Amino acid sequence: MDEQVIKKVVEDVLKKVGIEQKEENKANRGEPVITNPGLTEFVGTALGDTIGLVIANVDASLHEKMGIDPKYRSIGIIGGRTGAGPQIMAADEAVKATNTEVVAIELPRDTKGGAGHGNLIIFGAEEVSDARRAVEVALKELRRTFGDVYVNEAGHLEFQYTARASYALQKAFGAPLGKAFGLIVGAPAAIGVLCCDTAVKAAEVEVIGYASPAKGTSMTNEAILSISGDSGAVRQAIIAAREVGLKLLSTLGEAPKSLSGEPYI
Amino acid sequence: MDEQVIKKVVEDVLKKVGIEQKEENKANRGEPVITNPGLTEFVGTALGDTIGLVIANVDASLHEKMGIDPKYRSIGIIGGRTGAGPQIMAADEAVKATNTEVVAIELPRDTKGGAGHGNLIIFGAEEVSDARRAVEVALKELRRTFGDVYVNEAGHLEFQYTARASYALQKAFGAPLGKAFGLIVGAPAAIGVLCCDTAVKAAEVEVIGYASPAKGTSMTNEAILSISGDSGAVRQAIIAAREVGLKLLSTLGEAPKSLSGEPYI
Amino acid sequence: MDEQVIKKVVEDVLKKVGIEQKEENKANRGEPVITNPGLTEFVGTALGDTIGLVIANVDASLHEKMGIDPKYRSIGIIGGRTGAGPQIMAADEAVKATNTEVVAIELPRDTKGGAGHGNLIIFGAEEVSDARRAVEVALKELRRTFGDVYVNEAGHLEFQYTARASYALQKAFGAPLGKAFGLIVGAPAAIGVLCCDTAVKAAEVEVIGYASPAKGTSMTNEAILSISGDSGAVRQAIIAAREVGLKLLSTLGEAPKSLSGEPYI
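Line by line, the protein sequences are chains S, P and D. Residue numbering for the first sequence follows the working numbering, starting at 1 and increasing by one per position. Residue numbering for the second sequence follows the working numbering, starting at 1001 and increasing by one per position. Residue numbering for the third sequence follows the working numbering, starting at 2001 and increasing by one per position.
For reference, chain S alone in the conformation it holds in the complex (with noise of 0.2 Å):
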């Protein structure tokens, strides 16, 4: 009878708490999920509330108005709530692995609340199936690319590293190509600033852009560095800002989580 009572109870709390007990975005968990819409557009879904489209032929007067290069008829679509770091390099693994090119990366101010930028990231092809084949190659890096993006209620750092920049970085950050480059993001920005110090003292490591709230992000709470050089420095000077920033956001909250609970630096 007891466990009668407690299974009334638990319901009438939950009704009177007004919490729906909601199917979570499985997204958001991992893995990019495919549950077809019914559109043929529709490639599918991953972490950071992203959505990967392709348009086979998009619309003359729209494509117009949306600054496209008129010989890419087709184009992908990937964009998110959460993440800009996570989805820049997950665009450029696809343009290495596919004939498309980033024709446009474009930053919100977003997150759901939080301190950084969402998404909204276009790859131009002049095939249907290769608009198809980036997105679909974007969406899977997401999972790793969201391993170093670690998150508690008071901010988030991100840590990006690749052996081997490319057209995406390069639009992005003006990565020098196919070299290594590194990304390190936190926020609130004050933290961030320690961490881009913290990074370029750790290694013989080259900036390529520094960004803060007033300059070189949409206004975003973050302090940002972009460097570049060799493949054991970069890796060393993010390794260096990640220590520090863990330890400095959780002065402010609980201990930062990794985003996809796998750090791949």
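Any given hint might turn out to be false.
What the simulated footprint calls covered on chain S by chain D, stretch by stretch (three residues with Cβ under 8 Å from a Cβ of chain D suffice, anywhere in the stretch; the number is not a length) [stated by the list, open to error]:
hint : segment
1    : 91-102
2    : 109-123
3    : 237-248
From the derived model, a few chain S residues whose C-beta atoms are all more than 10 Å from chain D [said to hold, decoys possible]:
hint : residue
4    : Gly-38
5    : Asn-57
6    : Ile-68
7    : Lys-71
8    : Glu-127
9    : Ser-129
10   : Arg-164
11   : Tyr-167
12   : Lys-171
13   : Pro-176
14   : Lys-179
15   : Thr-217
16   : Pro-263
For the record, the hints were derived by calculation from the structure and aren't laboratory data. Fair warning: this is a prediction, and the values are worked out from it, not measured in the lab. From the three backbone atoms N, C-alpha and C, an ideal C-beta is built for every residue, glycine too.
We have chain S; now place chains P and D onto it with these hints.
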């Protein structure tokens, strides 16, 4: 006795969970609410945490800093945390119905952590009674204009339609006066792009403008299309975009719900 | 036995509701907290998810990218998710009390999904001890300067007053040095507009600046007035605006509460 136990437990749990059972903002449930706080300037509140106010005689020093045409002694103000489309549409009806002009439409990055805009709209009038009337009309229209705003935990969709655009829509979007006008908004922006493409493919409409995170928005995570043309075609374009948008946004979360519960298009 | 039932049910419900009973960020309850994470750069934390840091010798490559005057080897940093007014006021006291200069005030669009700004403020100093001292003073002042920041679920109000403005207020708002200064902020911006009008009508003050979503803010949903003049008049203007603001914000939600619980004006 069981009932008593249950009651006590529910109370205990609620206390422990720390959830105060708040009276929800009544205006956010629908009709404009007028609980005057004892200020002659207060007109009412409405959906989207919208408040309506009136100033009979704006202080000269502030008037100048606000950059309002000196001939308008009186101003009406509506402003909300959520929306921009709904409030601009409502303002459009207000200018049709009153002797006022829309002198400012400012769009903060807001929606309370959502992906879109809030708004601050100012009516100029020579008589305070006109300014007040404009605010009253706008607040009353909001229930309708929030009808095709759909929201879930991952984003939002917004559709607006009028058979005859007036001065607020002209000011905000460059809509041709007296012609049918439609607005299509999708967030995250990736979904918006596909909604826009669907709309222009569905009917012969004229694209007035396209906005995205990096241009034409306040860095929101939205793609926005404004269209004009034949009244039937504009509606058809919007309805097609709405169908696609609802399917896509559902892939990232629950089925999106109309904010007012009463779609009007 | 009833007690046992209750205990078990509470546990079950909490588990089901998915609410982890977190230790709240201690700094957000009041006094600066100094739980050093083992970094010499860490100074402390305070209200508004504010962190205070110091860098004794900023790396040359980063120093240049940050655009800081080369004569300042050392920097002090305060940055938070919520506030801007409180932190700028606190920084103003810090520059009065120390041998430092405010070299940067950057205002992200933030407040954790709220309607306003976060902040990143950098003090330049020739000696690291001066930079550290400035950060310590600023963190300590924050409890006071958050006293007249009022928040509810719909928006916020913020009031600041000093009898004698110093260099941080000059840099941020163009405040005349050594004169009384006041700051009035209301969100949503519609409420802010009426607060501003009320202030300038209540006393003979000089309007230094007016900011709104489209100009002078980081696209926040705020209207902001900065005023100068006779000390009594500035206070009187602020107090009148506060009274109106509290009434208006209450129409959209619960009675707004002081963030520190101790209004100072």
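To see whether the hints hold, each was checked on the structure:
1. 91-102: Coverage by chain D is violated for the segment 91-102 of chain S (0 residues, Cβ < 8 Å).
2. 109-123: Holds: 5 residues of the segment 109-123 of chain S have a Cβ under 8 Å from chain D.
3. 237-248: holds (count 3)
4. Gly-38: Correct as stated: the minimum Cβ-Cβ distance to chain D is 32 Å, above 10 Å.
5. Asn-57: Label holds. Min Cβ-Cβ 35 Å, cutoff 10 Å.
6. Ile-68: Holds, because the least Cβ-Cβ distance between Ile-68(S) and chain D comes to about 26 Å, which exceeds 10 Å.
7. Lys-71: holds, 35 Å
8. Glu-127: holds, 39 Å
9. Ser-129: Given that every Cβ of chain D is farther than 10 Å from that of Ser-129(S), nearest at about 40 Å, it holds.
10. Arg-164: Label holds. Min Cβ-Cβ 23 Å, cutoff 10 Å.
11. Tyr-167: Holds: least Cβ distance 24 Å, greater than 10 Å.
12. Lys-171: holds, 20 Å
13. Pro-176: holds, 16 Å
14. Lys-179: holds, 17 Å
15. Thr-217: At about 8 Å from chain D, Thr-217(S) fails to clear the 10 Å cut-off, so the statement is violated.
16. Pro-263: holds, 19 Å
Checked against the numbered hints given earlier, this structure breaks hints 1, 15; the rest are met.
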